[in-house]
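Asker: If you want the building blocks of each chain, they are given just below.
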Amino acid sequence: MMFLQDTYDYFSLPLMLLGIYSLMAMGLQLILGGAGLLSLGHAIFFCIGGYTSAIISSTYLPLITDSNLLQLILSALCAFLVSGFFAFFMIIPCLRLKENYFAMATLALGEVLSTVIKNLDFTGGIRGFKDIPSLDINPLIVGLIVLIVYLVLRRFYKSSMGYIIRSTRDDDIALQSLGISHFKSQIIAFTLGSAIAGMGGGFYAHTIQFMSPEEGSFNRSIEILLAVVIGGMNSLTGSLIGSLVIVAIPEILRFGPSEIAQNRNVFFASAVILLMLFRPKGLIKHGS
Amino acid sequence: MVLNTPQTSIFSLQNITVQFGGLTAIDNLSFEIPTPGIYGLIGPNGAGKTTIFNVMTGIYTPQKGDVVFLGSKVTDLKPYLMARMGLTRTFQNIRLFESLTVLENVFIPKARLLSTLKYLFFIETDNYKKTIEFCREILNFVGLSHYENRPASSLPYGDQRKLEIARALALEPKLLLLDEPAAGMNPSEKKELGQLLDKIILKDLSILVIEHDMRFMMNHCPRITVLDHGKIISEGAPSHIQNDPAVIEAYLGKSMGDLP
Ligand SMILES: Nc1ncnc2c1ncn2[C@@H]1O[C@H](COP(=O)(O)OP(=O)(O)O)[C@@H](O)[C@H]1O
Ligand SMILES: [Mg+2]
Chain A
1 MMFLQDTYDY FSLPLMLLGI YSLMAMGLQL ILGGAGLLSL GHAIFFCIGG
51 YTSAIISSTY LPLITDSNLL QLILSALCAF LVSGFFAFFM IIPCLRLKEN
101 YFAMATLALG EVLSTVIKNL DFTGGIRGFK DIPSLDINPL IVGLIVLIVY
151 LVLRRFYKSS MGYIIRSTRD DDIALQSLGI SHFKSQIIAF TLGSAIAGMG
201 GGFYAHTIQF MSPEEGSFNR SIEILLAVVI GGMNSLTGSL IGSLVIVAIP
251 EILRFGPSEI AQNRNVFFAS AVILLMLFRP KGLIKHGS
Chain B
1 MVLNTPQTSI FSLQNITVQF GGLTAIDNLS FEIPTPGIYG LIGPNGAGKT
51 TIFNVMTGIY TPQKGDVVFL GSKVTDLKPY LMARMGLTRT FQNIRLFESL
101 TVLENVFIPK ARLLSTLKYL FFIETDNYKK TIEFCREILN FVGLSHYENR
151 PASSLPYGDQ RKLEIARALA LEPKLLLLDE PAAGMNPSEK KELGQLLDKI
201 ILKDLSILVI EHDMRFMMNH CPRITVLDHG KIISEGAPSH IQNDPAVIEA
251 YLGKSMGDLP
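As they're listed, the protein sequences go chains A and B. For the first sequence, position 116 matches number 116 in our numbering, and the numbering has no gaps at all. For the second sequence, position 57 matches number 57 in our numbering, and the numbering has no gaps at all.
If we strip away everything but chain A, and leave its shape as in the complex, we get:
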């Protein structure tokens, strides 16, 4: 029993991180693979979601209910809504720009918002937000949410808006000639995708019990981008597999000989480069 408990304790953190990364990656898959928008500021919405959960779970939520599970659900819901709200208002001016310029705008957006968080009082400023309640978060709940989001997104892709979003990626001029505004579908994809990342951020806050402005950094945005591209950016399932790759491989390399373990990043990067050489479209080509 002791051994089982230890194993569970050891794996529960990586498992929850895997779930959280999967949420973020699925959100970005909708934005990048779905609507064809390259967002380099994805992690900032994760960060906003995290702070939202941190703040409400240490202030208002305990006043509403005693149940940890209910608090956790409410917290995730708020993280989803607040990050979606921010995403909605941020994307509109960014969409005036196209392609690479749009990507640069989202990068700048991430940096600006993370600086704002650093300089606010109620976020804990540069020291970060400490002692966030864990609300008994566990891999099972996170896994369940990942499954639900996955299934809902799959169905969403088969709905009318899902098809419109995918056609936006292919050709927005043709889309307009058929009576459909590509703006609307891009806004919906970006808002929804960012809100899902925000929900992941909420879970992250309860898992790590600490949020810092660094959580929304460009580095993390790129990490998630990597997960989506490795998995195959046109496939929702691919982004789950991509998340597994970027969470598991560094973890596994940790157990290798010390030369490998100490230079995990080098080996990980080489593995990614090789993968992209041999499967430039990602592990899963078609789908979603």
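The set of hints was computed from the structure by calculation and includes no laboratory data. Don't be surprised by glycine CBs; every beta carbon is placed ideally from N, CA and C. Be aware that a few hints might be false.
Claimed, not checked - Here are the computed lysine-lysine pairs in the DSS-like style, where the Cα-Cα straight-line distance is at most 27 Å:
(1) B/K190 - A/K184
(2) A/K184 - A/K98
(3) B/K190 - B/K203
(4) B/K73 - A/K184
(5) B/K129 - B/K118
(6) B/K130 - A/K158
(7) A/K158 - B/K118
(8) B/K129 - A/K184
Claimed, not checked - With the Cβ distance kept under 8 Å, some of the chain B side facing chain A (calculated, not the full set):
(9) E104
(10) F107
(11) L114
(12) G194
Since the structure of chain A is provided, determine the placement of chain B with the ligands on it from the hints.
Answerer: Frame of chain A; chain B with the ligands shown alone:
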């Protein structure tokens, strides 16, 4: 006109000028589609034909002049709103949704009218089924049923052009603009395309087609407008424009039989 009611024309361009930097692509041009039918638009490369389509569909806003569609002024209307009024087009360089299947491509123009939320909650999914049936009928109409589930990008060239037409028809437009639909087609594909146009015109819509193949235009367009350097140089029945010295000169003395 037997009755004395004022008839609004389907479409008109009034004194349109379009400039790109110093280049005047369309020069104070007026053009009308008065009654339903197939109309042709020809002219040498660079004459401004595609630019006219871009003005008509709202992609370009002209520097001068007015665009009138079904009696309303639509000069500043966004392209997707023009399409909703019943004006759509195909493109000189085919623009399909390449990662979608053939059927899904035809589904897109109708997707806007279906509820996403209801679908997510499994409510009224019948509407989806009905729309899919409608799309299948259109594919059947243009003869692409057998490709239904193939990715659009995998179709032979001629069939991609047909699919673009099918997709446009799914919008149930009042006016359909075709930009060089027969380009790159072999003679038998061209013949099929011509038959398709003759079938389409039986539906309640008008067609304006840009095409270089003169035999194709003679067979299908009772009325042709000739454009050169952004101006109309001739207009009328094929037999008339074929013998118009201005037209012959515009094509650099080439005989009309072997246009590019
Ligand atoms: N977006 C644009 N920017 C600059 N010049 C353009 C643009 N579109 C068309 N032109 C120019 O306008 C002229 C007419 O082009 P176009 O309408 O494509 O001709 P056509 O379709 O008759 O071959 C050409 O000289 C072309 O180079
Ligand atoms: Mg052209």
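Asker: So, for every hint listed, does it hold in this structure?
Answerer: For each hint, the structure was consulted:
Restraint check: the Cα-Cα separation between B/K190 and A/K184 comes to about 38 Å, which exceeds 27 Å; the hinted pair is violated. About 15 Å separates the Cα atoms of A/K184 and A/K98, which keeps this hinted pair within 27 Å; it holds. Straight-line distance between C-alpha atoms of B/K190 and B/K203 comes to about 21 Å, which keeps the hinted pair within the 27 Å bound. A C-alpha spacing of about 25 Å is found between B/K73 and A/K184, which places the hinted pair at or below 27 Å, so the restraint holds.
A distance of roughly 13 Å separates the Cα atoms of B/K129 and B/K118; the hinted pair therefore holds under the 27 Å criterion. With a C-alpha separation of about 15 Å, the suggested pairing of B/K130 with A/K158 holds against the 27 Å cut-off. Distance restraint check for A/K158 and B/K118: the Cα-Cα separation of roughly 12 Å lies within the 27 Å cut-off, and the hinted pair is therefore satisfied. Using a Cα cut-off of 27 Å, the hinted pair B/K129 and A/K184 holds, with the two alpha carbons roughly 24 Å apart.
For B/E104, the interface hint holds, the least distance from its beta-carbon to any beta-carbon of chain A being 6 Å, beneath 8 Å. The beta carbon of B/F107 is positioned within 8 Å of a beta carbon in chain A (closest approach about 6 Å), and the interface hint is therefore held. A distance limit of 8 Å between C-beta atoms decides the matter here; for B/L114 the minimum to chain A is near 4 Å, and the interface restraint holds. For B/G194, the suggested interface contact is broken, since its CB lies about 23 Å from the closest CB of chain A, more than 8 Å.
Going down the numbered hints, you'll see the structure goes against 1 and 12, while the others check out.
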